[in-house]
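This is what each chain is made of:
Number of protein chains: 2
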Amino acid sequence: MGAWSAALRDLARTSSLPRCPLRSYCTFMPPSSSNLQAIEAYLIALQDRICASVESFEPVLRFREDAWQRPEGGGGRTRVLSGGKVFEQAGIGFSRVSGNALPPSASQHRPELAGCAWSALGVSLVFHPLNPYLPTTHMNVRYFEAQTKDGQTIWWFGGGFDLTPFYPFDEDIRHWHGVAREVCEPFGAEVYPRYKKWCDEYFYLKHRKETRGVGGLFFDDHVVGGFDNSFAFLRAVGDGFLRAYLPIVEKRHATPCGEREREFQLYRRGRYVEFNLVYDRGTLFGLQSGGRTESILMSMPPRLRFEYGFTPEEGSAEARLMDYLQPREW
Amino acid sequence: MGAWSAALRDLARTSSLPRCPLRSYCTFMPPSSSNLQAIEAYLIALQDRICASVESFEPVLRFREDAWQRPEGGGGRTRVLSGGKVFEQAGIGFSRVSGNALPPSASQHRPELAGCAWSALGVSLVFHPLNPYLPTTHMNVRYFEAQTKDGQTIWWFGGGFDLTPFYPFDEDIRHWHGVAREVCEPFGAEVYPRYKKWCDEYFYLKHRKETRGVGGLFFDDHVVGGFDNSFAFLRAVGDGFLRAYLPIVEKRHATPCGEREREFQLYRRGRYVEFNLVYDRGTLFGLQSGGRTESILMSMPPRLRFEYGFTPEEGSAEARLMDYLQPREW
Numbered sequence: 001m002g003a004w005s006a007a008l009r010d011l012a013r014t015s016s017l018p019r020c021p022l023r024s025y026c027t028f029m030p031p032s033s034s035n036l037q038a039i040e041a042y043l044i045a046l047q048d049r050i051c052a053s054v055e056s057f058e059p060v061l062r063f064r065e066d067a068w069q070r071p072e073g074g075g076g077r078t079r080v081l082s083g084g085k086v087f088e089q090a091g092i093g094f095s096r097v098s099g100n101a102l103p104p105s106a107s108q109h110r111p112e113l114a115g116c117a118w119s120a121l122g123v124s125l126v127f128h129p130l131n132p133y134l135p136t137t138h139m140n141v142r143y144f145e146a147q148t149k150d151g152q153t154i155w156w157f158g159g160g161f162d163l164t165p166f167y168p169f170d171e172d173i174r175h176w177h178g179v180a181r182e183v184c185e186p187f188g189a190e191v192y193p194r195y196k197k198w199c200d201e202y203f204y205l206k207h208r209k210e211t212r213g214v215g216g217l218f219f220d221d222h223v224v225g226g227f228d229n230s231f232a233f234l235r236a237v238g239d240g241f242l243r244a245y246l247p248i249v250e251k252r253h254a255t256p257c258g259e260r261e262r263e264f265q266l267y268r269r270g271r272y273v274e275f276n277l278v279y280d281r282g283t284l285f286g287l288q289s290g291g292r293t294e295s296i297l298m299s300m301p302p303r304l305r306f307e308y309g310f311t312p313e314e315g316s317a318e319a320r321l322m323d324y325l326q327p328r329e330w
Numbered sequence: 331m332g333a334w335s336a337a338l339r340d341l342a343r344t345s346s347l348p349r350c351p352l353r354s355y356c357t358f359m360p361p362s363s364s365n366l367q368a369i370e371a372y373l374i375a376l377q378d379r380i381c382a383s384v385e386s387f388e389p390v391l392r393f394r395e396d397a398w399q400r401p402e403g404g405g406g407r408t409r410v411l412s413g414g415k416v417f418e419q420a421g422i423g424f425s426r427v428s429g430n431a432l433p434p435s436a437s438q439h440r441p442e443l444a445g446c447a448w449s450a451l452g453v454s455l456v457f458h459p460l461n462p463y464l465p466t467t468h469m470n471v472r473y474f475e476a477q478t479k480d481g482q483t484i485w486w487f488g489g490g491f492d493l494t495p496f497y498p499f500d501e502d503i504r505h506w507h508g509v510a511r512e513v514c515e516p517f518g519a520e521v522y523p524r525y526k527k528w529c530d531e532y533f534y535l536k537h538r539k540e541t542r543g544v545g546g547l548f549f550d551d552h553v554v555g556g557f558d559n560s561f562a563f564l565r566a567v568g569d570g571f572l573r574a575y576l577p578i579v580e581k582r583h584a585t586p587c588g589e590r591e592r593e594f595q596l597y598r599r600g601r602y603v604e605f606n607l608v609y610d611r612g613t614l615f616g617l618q619s620g621g622r623t624e625s626i627l628m629s630m631p632p633r634l635r636f637e638y639g640f641t642p643e644e645g646s647a648e649a650r651l652m653d654y655l656q657p658r659e660w
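If you're matching them up, the sequences are chains A and B in order. Under the working numbering, think of the first position of the first sequence as 1, with each following residue one higher. Under the working numbering, think of the first position of the second sequence as 331, with each following residue one higher.
Check the hints yourself; a few may be wrong.
[To be verified] For the chain A half of the interface with chain B, some residues (derived, Cβ under 7 angstroms), not all of them:
1. V80
2. L205
3. H207
4. L277
5. E294
6. M300
7. R303
8. R305
9. F306
10. G309
[Stated by the list, open to error] Residues of chain A clear of chain B, computed beta-carbon distances all greater than 10 angstroms:
11. R49
12. R77
13. F144
14. R252
15. G270
16. V278
17. G290
18. P302
Just so you know, these hints were derived from the structure itself, not from any lab. Bear in mind the structure is a predicted one, so any value in this text is a computation, not a measurement. All residues carry an ideal CB built from backbone N, CA and C; glycine is no exception.
Kindly generate the complete structure, drawing on both the sequences and the hints.
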């Protein structure tokens, strides 16, 4: 563990900020506008860093950026790289949006926030690699705050990263979860197991009785040890993503493969679509609330297929995937 | 108009059954079990007829049938033909399911039916033709009944058919809506405009501001002129489907086309997936209520693609489609 992780652990330990006993968010140490600026600066730089890493695998192609504005306030920059040698499609968006009155549909579980002024910032990505031996991946880091009518600031962080292999390699998954564990460690021993479990539960296709992939981290309402410590956790997750994913890209992107593997990848990508359109709260809320459709749906696979009644041959590499689509410790 | 249509019109005119003044369903003339049998016999024969019509276009391939049972009661027969010369995928399912207690999620708009014994029968199909000049189509005819606690039978019919072209031909769409109008005519002048409008409203992708296609008919809670007349309407819709669709298949299935048209078809099939997984009540309810996933998702296109920010070239045949994706009179 590096000096940076140690410093974060110290911060987590020494934080003297009390935690709300009854709710998972709190109003102690309300963030100032300089906090919003700090989060934005981090997210923008994170998006740039991740794009540079993806482009380092691509001999020719570069991300195309669409900067957009939202009439109600804020905007974003959506970046997509399509048709790469390694990444068939890589989409990564930054957005900072705000409004004067949170719609009730966005505050179902927090009715006291309906009608409050709010801001939300985040970076979200989905990468669909070309080689079927390379897993699809998703990462998201986000921040939300609302001003209550009595002048309090309610805020929390959310996000995580998860991996969706087609042909799983145990060593890759152990590495992936190893980084996830390392990211969480400075913030308390309970963090990794809790957010790993949440990830398994969130990315679950009930109608298939399958997880979306082999998981990772998922968290929401994260307010632990005050703003600085919570933001430090968000940065740990954001920074951890590349450490978790890049070694897998390096190792697997040139694995020889043929039509059989491609067809299986296209088929399994159907599950990604099923999850994102049927269950994913961010996708559904975005579409229902008039978000920018193209930015929301850049998570969709570039090509895919559905096949009625498909069952891989018993004992095949394709049948083996099913063993990985139930929660498991790594 | 043939003798059959005239007879139906007479039936609609002479029906002396009163209509419920306050609700769209009624309990007059409760259907007996012989009615359920009559509906089942019609639906089974309809599925057979439609399969035979599809197979008549296929030199070699035949439907594969999966008969299934539902632990809670009932079952169905799901038929799929995949990889045909004309039909890249044709899926058509018959089901007859029942239960002792309607779940609250299935009776949101009819809270008085929660917990009642119920039966549902239907035939549902989605055809994805191979040639991009041939439209995708969907048809559904269904019947629902529930026994209230005070011994009444609440029942209604639902269904419709709609067309989703990629390269629209006005004469085909006029023919399609012409059959829809003819189907409705014997049942009253208001039926076609009402169910045509309902179709435009139902098959609408709010996040795209597009209809799914050029529409047709959609209806639910259909109880007009008693059971016999309502069932006659259902049969008119079911029988009308082949008259509406087959001439288009005959005319367009061999239209010369190339990669450009295929790519556009694959792209537009993404919209079908978006509609079915985000909006379609039957699909969502089926998946959430533990329905047979493979039967529900046989509506999914066999192959498709998504492309971030795709906009067809101005003035192109592909751009022209957009003019057809807003409600219009035919």
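Hint check results:
no. : hint : result
1   : V80  : 4 angstroms, holds
2   : L205 : 9 angstroms, violated
3   : H207 : 4 angstroms, holds
4   : L277 : 4 angstroms, holds
5   : E294 : 5 angstroms, holds
6   : M300 : 4 angstroms, holds
7   : R303 : 5 angstroms, holds
8   : R305 : 5 angstroms, holds
9   : F306 : 4 angstroms, holds
10  : G309 : 5 angstroms, holds
11  : R49  : 21 angstroms, holds
12  : R77  : 13 angstroms, holds
13  : F144 : 22 angstroms, holds
14  : R252 : 23 angstroms, holds
15  : G270 : 7 angstroms, violated
16  : V278 : 5 angstroms, violated
17  : G290 : 8 angstroms, violated
18  : P302 : 6 angstroms, violated
Against the hints set out earlier in the document, violations occur for numbers 2, 15, 16, 17, 18.
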